[in-house]
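Chemist: For our numbering, count along the sequence shown from 1 and bump the result up by 821.
Check each hint, because a few of them may be wrong.
Stated by the list, open to error - Here are the simulated DMTMM-like pairs of lysine to aspartate or glutamate, each with C-alpha atoms no more than 25 Å apart in a straight line:
hint, residue 1, residue 2
1, Lys900, Asp851
2, Lys900, Asp878
3, Lys900, Asp881
4, Lys897, Asp825
5, Lys897, Asp878
6, Lys897, Asp881
7, Lys897, Asp828
8, Lys900, Asp825
9, Lys900, Asp828
10, Lys837, Asp892
11, Lys897, Asp851
12, Lys900, Glu853
To be clear, the hints were calculated from the coordinates, so they are not data collected in a lab. Being a predicted model, the structure only gives us computed values, none of them experimental.
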Amino acid sequence: MAIDRSDHIWVVQRPKTQCCVPAPAVLHFDVEGTLLGSWGPVAGHPWPANEHGIHVDHQDNVWLAGNGARDGMILKFTKTGQHLLTI
Numbered sequence: 822m823a824i825d826r827s828d829h830i831w832v833v834q835r836p837k838t839q840c841c842v843p844a845p846a847v848l849h850f851d852v853e854g855t856l857l858g859s860w861g862p863v864a865g866h867p868w869p870a871n872e873h874g875i876h877v878d879h880q881d882n883v884w885l886a887g888n889g890a891r892d893g894m895i896l897k898f899t900k901t902g903q904h905l906l907t908i
């Protein structure tokens, strides 16, 4: 979980571990708990096998990482889920 400069709450969860119809991997809530947006995985771009970490920087970029055996990457997105960078 992460908090951005507007005190919005960002959650990364593992949709592959849920049954039925899972929520997207990234969930964005306001301070009242209203869902403002959700996204992920992003088609055509790398994605961790096991989502694990989320950080929102001072420019509202969303950084994701994983902790799976092949998740040696850090991903940077806009807050609407547009892929910006893979490290």
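Chemist: Let me make sure I understand: some of the numbered hints might not hold for this structure. Which ones are they, in numerical order?
Modeler: none
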